[in-house]
Amino acid sequence: MCAYHSNPTEPSTGKFERQTPMASAWTQFDRIPVAIFAANNDGEIFYTNDRFLQIVDHDSSAVDCCHGLADLENLLSTELIRPARQVIEQRTTFESGQFIFVGAGGRYYLLSISLSPLMLDDTCHGVFGILQDSTETADASESLRRRIKELNTIEEISQALHSTMKTDDILRIILTGATCKEGLGFNRAFLFLLNEGENCLEGKMAIGPSNAEEAGRIWGEIPQGNRTLSEVLAAYLQNVANHDIEVNRIVRSLKIDLSAPTMFRQVMESGHWCNIDSLCEAVVHDTGVLQALNTHRFAVVPLLSRGKSIGVILADNLITGKQTEDNTVHLLQIFADHAASAIENAGLFEEIEVKAASLEKANLKLEQVQKQIAAIEKSSLMAEITYKIAHELRNPITIIGGFAALLNRNLNPADKSSEYGRIIVEETLRVEKALAEVLNFSKSFALDRVRCDLWEIVAATVDVLEQTHSPVTIELDPDDDKSPLHVRVNRDQTVQSLHDIIEAVGSCLPDSTPMRLRLGSSEAAQRIELHWQIEPEEHERVTSLLAEMLDTRATGSSLRLTLAFETVRYNGGEPGLAASAAQDKYLFIEYPAMEE
Amino acid sequence: MNATIMCVDDELNLLRLYEQVLAEDGFRVVSARSGTEALDKIHAQQVDLVVLDIKMDDKDGLDVLREMKMENPDLPVILHSAYSTYKSDFKSWLAVDYLVKSADLTSLRARIRELLGVDD
Chain A
1 MCAYHSNPTE
11 PSTGKFERQT
21 PMASAWTQFD
31 RIPVAIFAAN
41 NDGEIFYTND
51 RFLQIVDHDS
61 SAVDCCHGLA
71 DLENLLSTEL
81 IRPARQVIEQ
91 RTTFESGQFI
101 FVGAGGRYYL
111 LSISLSPLML
121 DDTCHGVFGI
131 LQDSTETADA
141 SESLRRRIKE
151 LNTIEEISQA
161 LHSTMKTDDI
171 LRIILTGATC
181 KEGLGFNRAF
191 LFLLNEGENC
201 LEGKMAIGPS
211 NAEEAGRIWG
221 EIPQGNRTLS
231 EVLAAYLQNV
241 ANHDIEVNRI
251 VRSLKIDLSA
261 PTMFRQVMES
271 GHWCNIDSLC
281 EAVVHDTGVL
291 QALNTHRFAV
301 VPLLSRGKSI
311 GVILADNLIT
321 GKQTEDNTVH
331 LLQIFADHAA
341 SAIENAGLFE
351 EIEVKAASLE
361 KANLKLEQVQ
371 KQIAAIEKSS
381 LMAEITYKIA
391 HELRNPITII
401 GGFAALLNRN
411 LNPADKSSEY
421 GRIIVEETLR
431 VEKALAEVLN
441 FSKSFALDRV
451 RCDLWEIVAA
461 TVDVLEQTHS
471 PVTIELDPDD
481 DKSPLHVRVN
491 RDQTVQSLHD
501 IIEAVGSCLP
511 DSTPMRLRLG
521 SSEAAQRIEL
531 HWQIEPEEHE
541 RVTSLLAEML
551 DTRATGSSLR
561 LTLAFETVRY
571 NGGEPGLAAS
581 AAQDKYLFIE
591 YPAMEE
Chain B
1 MNATIMCVDD
11 ELNLLRLYEQ
21 VLAEDGFRVV
31 SARSGTEALD
41 KIHAQQVDLV
51 VLDIKMDDKD
61 GLDVLREMKM
71 ENPDLPVILH
81 SAYSTYKSDF
91 KSWLAVDYLV
101 KSADLTSLRA
111 RIRELLGVDD
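Sequences listed follow chains A and B, in order. Everything in the first sequence is counted per this note's numbering, starting at 1 for the first residue and increasing by one. Everything in the second sequence is counted per this note's numbering, starting at 1 for the first residue and increasing by one.
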């Protein structure tokens, strides 16, 4: 293709041969990449360069008949004659706006025209025109605009994903971002996560309509207008309960076996997305899942976190039938990469939350233990003081009692004073006995709590009862599970207190009433239960006696039993009275279970 | 001849009680209000049995016991204390018996008679 040059002052010799001012100068424009033309004062085109011919199509008839500005005006469908006249008459320049021109083969151009007067020796010889092709610039601009939108979308989704640490919210954000028009615009999206134990993908969540009718309803509820993706996500998360029930039901019923050579497995293993345009051999092993999802054109992207696939997102355009472009799938992949990190972070966060809760619980327990230790230390100090006082009292009591006994021996038994002496001796011995109990209690307050099995403590207690020929009859339930029930107590104190409690309860029961010990555990406590069976008419009396024993404010209970219950409490236990299913009362002691 | 019993305690009234009760049982009683006094007196006279307190102001009864047994290994000594905890102290094992003080002196009297071979 070659431009034709002519002198506009000379008669034209061909279709583009016109008289050309500065004829020799025009050749320099022939191959420049800007389309140029020139017309004389009569509007006859006398020069066009290569680029001009390229745009308006040299080989077409359009160019053949393009002799003047009027022809060019018709061809480009943009006003030229009037502005050219104005340029020539007023010696001004003209800039057209951008217009679209459909060239050869239906190719679109985005063009604009500049006209300026063709001046030589202060005389205007016509117009000089530049046909500016902005098509590529516009394409680049459109591409840039699209890229910016995509980046904005990714940024907004990324921000949304970082706004929560709840896995369910993250999954919803992922699927909403994939389906809303402000996001990736898929009709539906399904999320599957890897179950490593079962080597399968499990359907977790889905968004979108299951059919056209539902699509109309769901999409009809979405408010129209320009909203940012963040606004859409916020609105969706607030109204999540009303949507997508059917697809969620479907996806949650699905499990994809990863031991079979499926397309899903390939995506998981390769870490590459796939865009399936029609059901083909590649998905022959996936037909069950695809039928359940009622899809045959879809994209699947892996959720990659630290190089490992933790699941996939399947997205399709079931309702609109729109073909999914690879670019969009690529964007979905970028989106999935963010999502995968967010899912993993959420998992870690939830793990940390559980650990933090456990730590808080441990701290609380530690605080309780510290309080308990402080209480025990205080008690221990009191016990030490008691111990010393008791010893200080023992000498004078020995002296008083001893002299009273001596006096009594020398008195006539018939004498009233002898009676008083006997009373002094008896009461002294009673005080002495009480002192012995206080001493036994207080000296046992060495803080040597160790891990003990309640079964061993019970066995030791039963041994003591037998060796001391206790009148109580105690039995162990042979059907009880003998698994260790670990508690942290002072073993000797616990055996002593259990022994004293059993004897005290035995003393409340009718003679020869057998008692049965049962042991068991709950989540936080190990429990000893003391059961008995008595005649119904005895119930009230026995219950009343036992309740009085357990009442820490009561003054009627024996010092020995009071000390036994206090010993249970100082060892972290708690005694109580309860009723069985048959309404029989029984006594229990609960100790905090020791963590293994 | 009546046997001689040495009673060692820093409680004067307790010594008076021992003197009275044991005298009524037919024994001669020598009293000492401290460990030092007891060791001095035991050199000066024949003693058949000692009733010894443990916790005293000047000298620990267990140390007094050790010194007495060094002098006379065959001397029977009964430890008689308000404390029961010294039973686990191996130094107390030198004594022939360990009794916790009580207003009821029956046990003490019975053990003394038994050790001295005196019939009821």
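Since the hints were made in silico from the structure, they are not lab data. Incorrect hints may have been included.
Calculated cross-link-like contacts (lysine-lysine; reagent style PhoX-like; alpha-carbon spacing at most 25 angstroms) [stated by the list, open to error]: (1) A:Lys388 with B:Lys59; (2) A:Lys322 with A:Lys181; (3) B:Lys87 with A:Lys388.
Listing some non-contacts, in silico: residues in chain A with all C-beta distances to chain B over 12 angstroms [what the hints assert, rightly or not]: (4) Thr135; (5) Ala390; (6) His391; (7) Arg394; (8) Gly401; (9) Phe403; (10) Leu406; (11) Arg409; (12) Val425; (13) Glu426; (14) Glu427; (15) Glu432; (16) Ala460; (17) Asp481; (18) Glu537.
The C-beta atom is built at its ideal place from N, Cα and C for all residues, glycine as well.
Status of the hints after comparison with the structure:
no.	hint	verdict
1	A:Lys388 with B:Lys59	holds (19 angstroms)
2	A:Lys322 with A:Lys181	holds (13 angstroms)
3	B:Lys87 with A:Lys388	holds (17 angstroms)
4	Thr135	holds (107 angstroms)
5	Ala390	violated (8 angstroms)
6	His391	violated (5 angstroms)
7	Arg394	violated (4 angstroms)
8	Gly401	violated (2 angstroms)
9	Phe403	violated (6 angstroms)
10	Leu406	violated (6 angstroms)
11	Arg409	violated (8 angstroms)
12	Val425	violated (7 angstroms)
13	Glu426	violated (10 angstroms)
14	Glu427	violated (10 angstroms)
15	Glu432	violated (6 angstroms)
16	Ala460	holds (20 angstroms)
17	Asp481	holds (38 angstroms)
18	Glu537	holds (42 angstroms)
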